[in-house]
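Novice: Listed below, chain by chain, are the residues.
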Amino acid sequence: MNIVVCVKQVPDTWAEKKLDPTDKTVDRASVDGVMNEIDEYAVEEALRLKEAHGGEVTVLTMGPAKAVETIRKALSMGADKAVHVSDDALHGTDALGTSHALAKALGTIEGWDLVIAGSESTDARMSVVPAMLAEQLGVPQLTMARKVTVDGSTVRIERQTETGYDVVEASTPAVVSVVEKINEPRYPSFKGIMAAKSKPLTTLTVADAGIDTSLVGLAGSKSEVVEFAARPPRESGTIVKDEGDGGTKLAEFLQSQKFI
Amino acid sequence: MAEILVLVEHADGTPKKVTLEMLTKARALGEPSAVFVGRNYAAAKERLAEYGAQKVYVAEGDEYADHVVAPAAEVLAHLVAEKSPAAVFVASSAEGKEIAARTAVKTSSGVLTDAVDVAEGFVATQNVFGGATVVQSRAQGTPIVCLRPNSTAPVAEAGPAAEEQVSLTLSDSAKLAKVVDRVVEEKGGRPDLTEASIVVSGGRGLGGAEHFALIEGLADSLGAAVGASRAATDAGWYPHQNQVGQTGKTVSPQLYMAIGISGAIQHRAGMQTSKTIVAVNKDPEAPIFSIADFGVVGDLFNVVPQLTEEIAKRKG
Ligand SMILES: Cc1cc2nc3c(=O)[nH]c(=O)nc-3n(C[C@H](O)[C@H](O)[C@@H](O)COP(=O)(O)OP(=O)(O)OC[C@H]3O[C@@H](n4cnc5c(N)ncnc54)[C@H](O)[C@@H]3O)c2cc1C
Ligand SMILES: Nc1ncnc2c1ncn2[C@@H]1O[C@H](COP(=O)(O)O)[C@@H](O)[C@H]1O
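Heads up: the protein sequence lines correspond to chains A and B, in order.
Positions in the first sequence are counted from 1; adding 5 to them yields our numbering.
Positions in the second sequence are counted from 1; adding 42 to them yields our numbering.
It is possible that some hints are incorrect.
To be verified - Pairs of lysine to any residue residues, derived as SDA-like cross-links and limited to a Cα-Cα distance of at most 25 Å, are as follows: (1) B/K220 to A/H58; (2) B/K148 to A/S219; (3) A/K152 to B/D108; (4) A/K263 to B/P233; (5) A/K202 to A/S219; (6) B/K324 to A/Q262; (7) B/K357 to B/D325; (8) B/K317 to A/S261; (9) A/K263 to B/K357; (10) B/K217 to A/D156; (11) B/K291 to A/R239; (12) A/K263 to B/K217; (13) B/K220 to A/T177; (14) A/K186 to B/K148; (15) B/K291 to A/H58; (16) A/K186 to B/K324; (17) B/K291 to A/A20; (18) A/K55 to A/P178; (19) A/K186 to B/V221; (20) A/K186 to B/S304.
To be verified - Some chain B residues flagged as far from chain A (calculated, every beta-carbon gap over 12 Å): (21) E45; (22) E73; (23) N82; (24) D104; (25) E124; (26) S126; (27) R180; (28) V208; (29) E252; (30) A311; (31) P326; (32) V345; (33) K355.
As the list claims (entries may be wrong) - Interface residues of chain B toward chain A, partial, derived using beta-carbon atoms under 7 Å: (34) M43; (35) R69; (36) A70; (37) L71; (38) V110; (39) L212; (40) S215.
These are calculated hints, taken from the structure and not from any lab test.
Idealized CB from N, CA, C, for every residue including glycine.
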């Protein structure tokens, strides 16, 4: 079972995220980058499947040069090798363009059976790239998985729904996305961190991967940010100390606002 | 006027509130045509007419319901090619966004998720970075706009809802991922977290799963949905589906009540666009108070029972 894990580098979730006023893209330069959190679960699931069924785990990231830090983390968790698509022509690429670029990059990786992604990135928060990838590749979409089981070429997932889960089945090759509930990601060990340094990392330009430049970058994107503004801060409210009547005071407030 | 496709989000045929919201929004910008995909169209029919659907394109049948996401995208892409609508509206739910995603690939169009408003020219307003930034964005091709539940008040206005069967044979590639079982874990009863007009959430301050009964009791007294902070879901006190925040659900109700929640940036990212926010926390320094319209500094085990009782009294 050869698996490709899609990992995105995102601004640290503790940092205040901003758009760059010049081109209205995410300011990635001035904040620390971290691995998109759910993608750690995707890496973990890939490693567990590899441990159970054999095969190789390849990390795939599209991102600027500094995204290599995130790739190293995935390698130190135990992934075998990595592909990094990095090219200034990709700056400003929207979700649709990202799915095109990732699909092309997957074309350079031989013999994969599963692509595993996270369910959502914490910067764009769109939850669309995995479904787009399945469509681009023409393979089954097994997304929002809280459990994945593999039996030969059959993959079965529990797809998280509003009210519980659906059991969904398909054959490999397929695209899986995982939700947080699926596992508990491991921490890289010291040995893992050392080993990561010598694991193979292939860097691809747009040309190397055969990405159509008319579909990516700010100019190629089918969606654009027209303008943006910081939300005005909320006006500060009334804070009372509970003197034995806190619940009553809160009820009074709710009633004054017609919630009761 | 321009035709706008509105994908009906429904539970076994019954349209969800967000569908009525999308029809209302679409009427302001053009002529809505509802698109029904799945089972039990009979349950949807009347509502769609009541909320002004000019037409309803119907793709009914098991094969549409029993495969993941791809069939609905195929129906939408087919209609985009055949009818050349001005835009497509889809609910910004987990499944809605995935349907929009595949439709975008099929039609080479831009997709805008989590829109809280759509204006002339299909310019969408999105609250990004957890509501810290407000963005206006636009999509090319046939704009595919995902509308966030609860962002428009649904207004009824009768329409003909003229039915037209979708003439499409689903391709094999739309049937690759098959739903073999559906499991319902929670009992209904409470409203959907993302659609509820009131949400009551509990956090680490609860101290244990058994204390979530306090949150549920308060929620039920107000007809509210129950949410939880990540600290509470990670500890296994409440299901992950109920997690509010950066890695959970984003909610924007009329009233959000944070009980025993500190209000870390990742939690605020999921709730700070709520209209009114109240907080109960024993730590006066908790960041949640900086965004609360009303806050009580105190022990939730004293404040919440008193509050629930007061609500019952006042409701009489
Ligand atoms: C707040 C916000 C909301 C958005 N909403 C939508 C939406 O609803 N629909 C939609 O389709 N798009 C959306 N986008 C994307 C948007 O349409 C634009 O295309 C644009 O703003 C690009 O996004 P970005 O700021 O993340 O650009 P970037 O910061 O350039 O990032 C875009 C992608 O390209 C990668 N990247 C950046 N530089 C390089 C490089 N040198 N080499 C390789 N990869 C690189 C990044 O890692 C990322 O995956 C949104 C973006 C933002 C910031
Ligand atoms: N630039 C990228 N490089 C690699 N994987 C990505 C990238 N963008 C998105 N993904 C994957 O798609 C998932 C969902 O992202 P999104 O649709 O942006 O919310 C993420 O969790 C990643 O697994």
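Novice: Decide, hint by hint, whether the structure agrees.
Specialist: Each hint, compared with the structure:
1. B/K220 to A/H58: Judged against 25 Å, a Cα distance of about 23 Å means the pair holds.
2. B/K148 to A/S219: Within the cut-off at roughly 17 Å; holds.
3. A/K152 to B/D108: holds, 19 Å
4. A/K263 to B/P233: Measuring from Cα to Cα gives roughly 19 Å; hence the hint holds.
5. A/K202 to A/S219: Judged against 25 Å, a Cα distance of about 35 Å means the pair is violated.
6. B/K324 to A/Q262: Status holds; Cα separation ~24 Å.
7. B/K357 to B/D325: With Cα atoms ~30 Å apart, B/K357 and B/D325 exceed 25 Å; violated.
8. B/K317 to A/S261: holds, 15 Å
9. A/K263 to B/K357: holds, 11 Å
10. B/K217 to A/D156: Roughly 20 Å separates the two Cα atoms, so the pair holds.
11. B/K291 to A/R239: Holds. B/K291 to A/R239 sits at ~21 Å (cutoff 25 Å).
12. A/K263 to B/K217: violated, 49 Å
13. B/K220 to A/T177: Distance ~13 Å between B/K220 and A/T177 Cα, so the pair holds.
14. A/K186 to B/K148: violated, 31 Å
15. B/K291 to A/H58: Roughly 34 Å between the alpha carbons, so the hint for B/K291 and A/H58 is violated.
16. A/K186 to B/K324: Violated: A/K186 and B/K324 sit about 30 Å apart, past 25 Å.
17. B/K291 to A/A20: The given pair, whose Cα atoms are some 20 Å apart, holds under the 25 Å limit.
18. A/K55 to A/P178: holds, 15 Å
19. A/K186 to B/V221: Measuring from Cα to Cα gives roughly 20 Å; hence the hint holds.
20. A/K186 to B/S304: The hint holds at about 23 Å.
21. E45: holds, 20 Å
22. E73: holds, 24 Å
23. N82: holds, 16 Å
24. D104: holds, 14 Å
25. E124: Given that every Cβ of chain A is farther than 12 Å from that of B/E124, nearest at about 19 Å, it holds.
26. S126: holds, 17 Å
27. R180: violated, 5 Å
28. V208: Given a closest Cβ separation of 19 Å, the condition holds.
29. E252: holds, 20 Å
30. A311: B/A311 not clear of chain A: closest Cβ-Cβ about 8 Å, inside 12 Å.
31. P326: violated, 8 Å
32. V345: At about 4 Å from chain A, B/V345 fails to clear the 12 Å cut-off, so the statement is violated.
33. K355: Given that some Cβ of chain A is not farther than 12 Å from that of B/K355, nearest at about 8 Å, it is violated.
34. M43: B/M43 check fails; min Cβ-Cβ to chain A is 24 Å, beyond 7 Å.
35. R69: The hint is violated - B/R69 has no Cβ within 7 Å of chain A, the shortest such distance being about 24 Å.
36. A70: violated, 19 Å
37. L71: Violated, about 17 Å.
38. V110: Because about 6 Å separates B/V110 from the closest Cβ in chain A, which is inside the 7 Å limit, the hint holds.
39. L212: violated, 14 Å
40. S215: holds, 6 Å
Checked against the numbered hints given earlier, the structure breaks hints 5, 7, 12, 14, 15, 16, 27, 30, 31, 32, 33, 34, 35, 36, 37 and 39 and satisfies all the rest.
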